[in-house]
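K.L.:
The primary structure of each chain is shown beneath.
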Amino acid sequence: MLKFLAAIGAVFLTFLARTGRLVLFAGLSLATAFTPPFYIRLILREMVNIGYFSLPVVGLTAIFTGMVLALQSYTGFSRFAAEGAVATVVVLSVTRELGPVITGLMVAGRVGAAMAAEIGTMRVTDQIDALTTLSTDPLRYLVLPRLLAGLITLPMLVLVADIIGVFGGYLVGVYRLGFNPDVYLNRTHQYLETNDVVSGLVKAAVFGFIVALMGCYHGYYSRGGAQGVGQATTYAVVSASVLILVSNYLLTAAFFGR
Amino acid sequence: MTNGSEVQKIAVAGLCKSFGNKRVLDGVEIHCTSGESLVIIGGSGTGKSVLVKCILGLLHPEAGSIRVDGAETVGLRHAARERFLQKFGMLFQGGALFDSLAVWENVAFGLMQGRGVERQAAKQIALAKLAAVGLGPEVSLLRPAELSGGMQKRVALARAIAAEPEVIFFDEPTTGLDPIMADIINNLIVKCVREVGATAVSITHDLVSARKIADRIAMLHRGRIIWCGPTAEIDHSGNPVVDQFISGRAEGPIKMEIRAG
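Residue numbers (this note's numbering), protein chains in the order written: chain A, 3 to 260; chain B, 68 to 328.
No incorrect hints appear here.
If you want the ones that stay clear, here's a sample from chain A, every Cβ over 12 Å from chain B, calculated: (1) Ala9; (2) Gly111; (3) Tyr186; (4) Ser201; (5) Tyr251; (6) Leu253.
If you want a taste of the chain B side facing chain A, the calculated C-beta under 8 Å gives, among others: (7) Leu125; (8) Leu152; (9) Phe159; (10) Phe165.
Which chain B residues stay away from chain A? Per the calculated CB distances, all over 12 Å, these: (11) Ile97; (12) Gly112; (13) Asp136; (14) Gly137; (15) Pro204; (16) Leu208; (17) Pro246; (18) Lys279; (19) His288; (20) Arg291; (21) Asp302; (22) His303; (23) Pro320.
Quick caveat, the hints were computed from the structure, so don't treat them as lab data.
Glycine included, C-beta positions come from ideal geometry on N, C-alpha and C.
Chain A on its own, in the form it takes in the complex (with noise of 0.2 Å):
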């Protein structure tokens, strides 16, 4: 009995360790913002990479997902005879809903896992150690620029996704369901409020925080060769998606909740 309750505890002890770890991780990075020097050029490369390099899979995964949407909404409102509503559904679920979760989780495939295994390798081929020999710190010049392009860029990628993504709605609604496009059109953005939007693109820099944070942390702490890096990218992936569902909650809760 002793031995279960020990394990039990050293599994808390080592996870509010490893959380403890994390915030001082984010906080010490964060920290270096507020004084020079400033890598300006690394976080427009880091914003480019993020965000331009993302576009193609994030605009397949919107325009499917809209279009996925619109069919599945009019199957089940056509049983209430409430197609009418598949417009207004669509907009409403890709800005509040989708468009921001469903881009989170691709740049945390696509993003997080490059983040995890380049700086992973940095650590174990001693990039990390070098340049710190260098006079310079490796929060400032790897991690932040990252965190910074992810708060910044996952907004932006969100906006174009939900554009995409109704986009997507709109074809499946006129072209295989047979709206008339100007009534569709209407339906749109007759019940989309700017709050709509604006939660999701919050949401969307929560997002692209967490999945920079996850990326850089479990490569900063990667050791052990090939392998490690390797265990740091699945974490990495893991552990941003599943941040991004739980503070996705959160954030709905805090916005939509009563």
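Could you slot chain B onto chain A? The hints should help.
P.N.:
What follows is chain B alone, placed relative to chain A:
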């Protein structure tokens, strides 16, 4: 020990460092004087790299003192550590060149990022340092992945000396190189250290390299410095552990550990 007229550049006293239950450094005492070339030898996993990383502040020791130019460095933080690190250059075992940067940017990195030297001026210095290690300007635009192991070591050496540091650390500088390339690197180390006028601290288990570059050799075994003396005296150390190590015999007091530290 040093006499009163010698300036102790680095003085390590009672240094202890453990990883989990394994005590890697167990009260290391060592010093080196300004302009001296000290080589620390020892078997694989005896803590040579850990010792150097503790001196550089990359690892935090549990106990002991590390003084550089008489000033305590254990516990230095942030800006103070960055200033302190400007005295040092380091050649890592695997080179640790930045994959994403061209060769010249690797060499000039410390100048541009650490010391704020303007990009074009830093490039000129980088090209000069590359020339000093026998690499032409045509190499400067290549990526580290495009270079052979020997060339990567040369670039890493050029990076280590680029800012003309007061102390240069060499971590296994000849490991993984063929004997001729190893000798070339040894010659470059001797030449560059003399030209820069730096203090050199090298760690290696390559005795040919140690004899070539060292003024003084120290042996690390079971977390302690068990012998230290002039290079010429290592063959007459009178220490059975040192004798076994330099003769490379399997039989003797040194038992190889299976697990890495």
